[in-house]
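Enquirer: If you're matching them up, the sequences are chains A and B in order. Position 9 of the first sequence, counting from 1, maps to 9 under the numbering used here, and the rest follow consecutively. Position 131 of the second sequence, counting from 1, maps to 131 under the numbering used here, and the rest follow consecutively.
Don't take every hint at face value.
What the hints assert, rightly or not - Cut-off 20 Å, straight-line C-alpha distance, at most; resulting in silico cross-link-like pairs (SDA-like, lysine to any residue):
id, chain 1, residue 1, chain 2, residue 2
1, B, Lys352, B, Ser32
2, B, Lys196, A, Arg102
3, A, Lys69, B, Gly339
Since the hints were made in silico from the structure, they are not lab data. Owing to the predicted nature of the structure, the values given are computational and were not obtained by experimental measurement.
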Amino acid sequence: MTARKGFIRRRPFSSVGILILLFLLAVIWVWRVQLQAFPTIISAYTAKEYCSCRYVMNNPVDYCQSYVKQWLPSTLTENLNDKRITATGMARESTAQWQGPRQGCRLLPAQP
Amino acid sequence: MRRLLFIFLLFASPAFADTWPDDQWSAHPLTSSAALKELEAYAFPPRDEQTHQGIRTDALLIIRNGEVIYERYAGVTSAQTPHLTWSISKSILATVLGVALGEARFKLDDPVARFYAPFNTHPAVKIQDLLHWASGLDWQEDYEYAPLNSSVVAMLYTRGRDDMARFTAEHKVANAPGTSYRYSSGDSTVLAAALKGMVGDAAYPDYPWTALFDPLGIKSAVWETDATGTFVGSSYAYMTARDLARIGLLMQRGGRWQDRQLLPKAWVGFNLTPFASRTPTNEAPGGQWWLNKAADGKPGPWPDAPPDTFAGLGHWGQALYVIPSANLVIVRYADDRDGSYDHNQLLKRALKAVAGEGAQ
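One chain only, chain B, in its complex shape:
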C-alpha cells in the first residue's frame, strides 16, 4: 500500500511532469543575484543609438524546465515584436523539414533534383548535403570583405532576388557533394525550394504553419518569400522571442511536444551530429544547427557551455541556444553591428545566473 502511494505521488508530483506553454508561458522569475546582475551588465550595456557600436541586445529570454525565468527587452523591441531571426531561419526551416520527414515526404539521401528540377545540373547532391552546407557549390557567403563577389548579397538584393534557389543552382561546383562544409545561404534556400516539391504547390504556402507553428502555438510568425513564392529559408523568418523559444523547447525535449513526437528522434539525432568535413573549420556545424562539439572529438566553440549545447545563429547577434543537460532555452535578439558580442561570454554568465539562484 505504501509502495502504491509512493508511485502515485511520483506521478502526481510536478517534478516529474513536464511544463509546457499553452497560450502563454508560465513564469517563475529568478530572484536578483550578483550573477544575474553580471549577465545583465554584459547583455544590456548603455545602448548607443547614434553610432550603433557595441553590444545591443534587443531581447533576452531564458526558459528553464518550460517556464520563463528571465525576460527583458530593450530599444523598440517588446514581447510582441516579431523580430527578424536572420540565419536562425535555417534552423527553423530544418525543424519544418523534420515534420516533413516524419510524414515520409522525403529521405535524407534523396537527390535534391527529385524535388527541385533546376538541380538536375547537380544530380549527385543529396538533401543531407544541403543540410550540412556541403552541396559543394562555389558559394561565397562573405559580404563584409567581398561585397562585389558575395553570393548572399546578390541572392537577397540583386541578381538572385526574384528566384533565389535558381540563382543558387546556377553556381559552379567547387567540391564533391557531401565532402566539404562551406557555409551557404544558397544551400538553405534550395532546401526551402525542395520543400515545395515535397509537399506540393497547394500545401506549400501554409506548410510551415500547419506542420510546425500551429502545433507549437506559434502565432507571431512571418516568413518572407522571393517572387516565385519560395520561402527565404536562409534569412527571412520573424517571430517573437517567446515564440522562438517554443522551437527551442521542442528541440530541447528531443522533438516531442507534449504527448506528440512531432520530429522523428532520428531526425533530431541527425541535426545534432557534427558533420565531418574534409575542409577544416573552427565552427561545429550539424544539420542546419550549430553544435558545441566537433566531429573529430575536439571541444566546440563555447568552452564555458556544456558539450550538448546547440544553437541556431543569425546575423547581428541573433541566437537561439538550447542546453538540454541544463533544461535551458535562451533566445537572444539583437542589433549588434560590430563583433563585440561573444556567444561564450553570454552563455557563461547565463549559466552562472541560473545556477547561482538561492546560492548567495
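Same shape as in the complex, but just chain A:
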C-alpha cells in the first residue's frame, strides 16, 4: 500500500494518465461489440438505401446520390448489370443487391 502511495506522490500526472487509460480500456471492453460493428454503418446504409432509391423507387442517379449523402465521406459503385451497389466508408465495405420486383434490395451478408 505504502509503495503505491509513494508512486502516486512521486508521479501524480502519470498516475492520472494511467487511471484515464484504464478507464478508457474498460469502456472499450464494455462496448467492444458495438464499436466493432459501428464503422460498417456508413457503407451499409449508403449501399442499401441507394439500391432501394434506384431500383425500388426508380429515382434518378443524381437524386439518389444526394439522398444517401452522409456527413462522413463514402464512395459508391453501381453495377447496372446485376443491380449491385458497393459502398465504402470508415474503411469498411458493404454490398447491397436488388433481389426482385417484390423483394426489392437487401444487404448481402458480409464476406468472412
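With chain A held as given, fit chain B onto it using these hints.
Expert: What follows is chain B alone, placed relative to chain A:
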C-alpha cells in the same frame, strides 16, 4: 307506394352507396380556396435540394368518401413512385396480421414462442405485447443521439441485418411483458417473423399480397426482407401514395372492403384502443397504429384533429392519417431531414381546406 318509392330512392342514391376505388381512384378535386392555398403553402414550401432543410413533402393525397379530392407530388416522386413508408410498414404489417387473425391463424394472447422459436427465451411475451410495443425487451430505438447504442441501426445495417428477429430476441429484458410501452422496431420485426410460423414457409413470401394487397387492388407494393427471408416489418414496405390510401380506406371503413369484412371488427377495435402503459409517454400508441386519444382519457397529440384520428407514421415525415368521422384518408410522403414538420399543423390545414370547400 310513395313510401316504397322513397326507400327505392334511398338505396339508389349515391349518398348512401360507398365509393370504392377499382383499378383507379375516382377523382372529385377540391375547388381552389384560401384554405387550400394555406395547406399547400405549409406542405410545399420552396424545396431546398442542397441543404435538405425544412418541410419537404414528396406526395400529398387526400381521399374523401373514397374519392381523390386532392393530389400533388414534388421533387422526383410521382403518382407511380413506390415510396418508402419507413415505419408505416408497422401499421401495414398489422393490417396483414388482421387478415391472418380473421383466418384464425393466431390469437392475441398466444405466446410469441408458439410461432417463433427463438422467443423460447422470452416465453411470457404474447403477440398482443409485441403489437403494443410492450415486449419489455431492453431495446434502444433512438439513433439521432445514441448511434453507437442504437438497436434499430444495428438491426438494419450491422449486427442484426442478416437475421433481424433473432437479433431482437437476443436482447435482455428490461420490463415485465405487456406492462410498459417502449417503441421498438424490434418488436415489429418479431411480428413479421412470427407471421412465418403462423402461415407456414411456403405461403409466407406471398402472404402480404394474397392476404391484403391483392384483395385491395394494390399493385405497386415492394416489401424487402432480411437474409433469412423475413419481411422487414418495421421499416421496408414501399408503395405508391394511391395504394397506401387503399389501406387507409380499409381502416376508415372498419376493416371492410366493398362487401367483404377483410379484417375482423374486433381486430380493428384492438388496433384503435389506446394502450395503458405503466411508463409515461407523450405518444398515444394503439396496436401498431398511433391514436389521438390516450388511455387515461387525456387528449391525444394532435389537438386540431378529431379524437378518432389515427395514423401510421414513419421516419422523415411519412404519414397515413385516417379520420373516420370526417370520411378522410390522407397520405403524406416526404423527405424531411429536420424536425420542422408538425402532424397537427398539416391536419389542421387539411381539415380546414376540406371543410372550407364552397364556403368562401
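Enquirer: Give a verdict on every hint.
Expert: Now for the hints, and whether the structure bears them out:
no. : hint                : verdict
1   : B/Lys352 - B/Ser32  : 13 Å, holds
2   : B/Lys196 - A/Arg102 : 17 Å, holds
3   : A/Lys69 - B/Gly339  : 18 Å, holds
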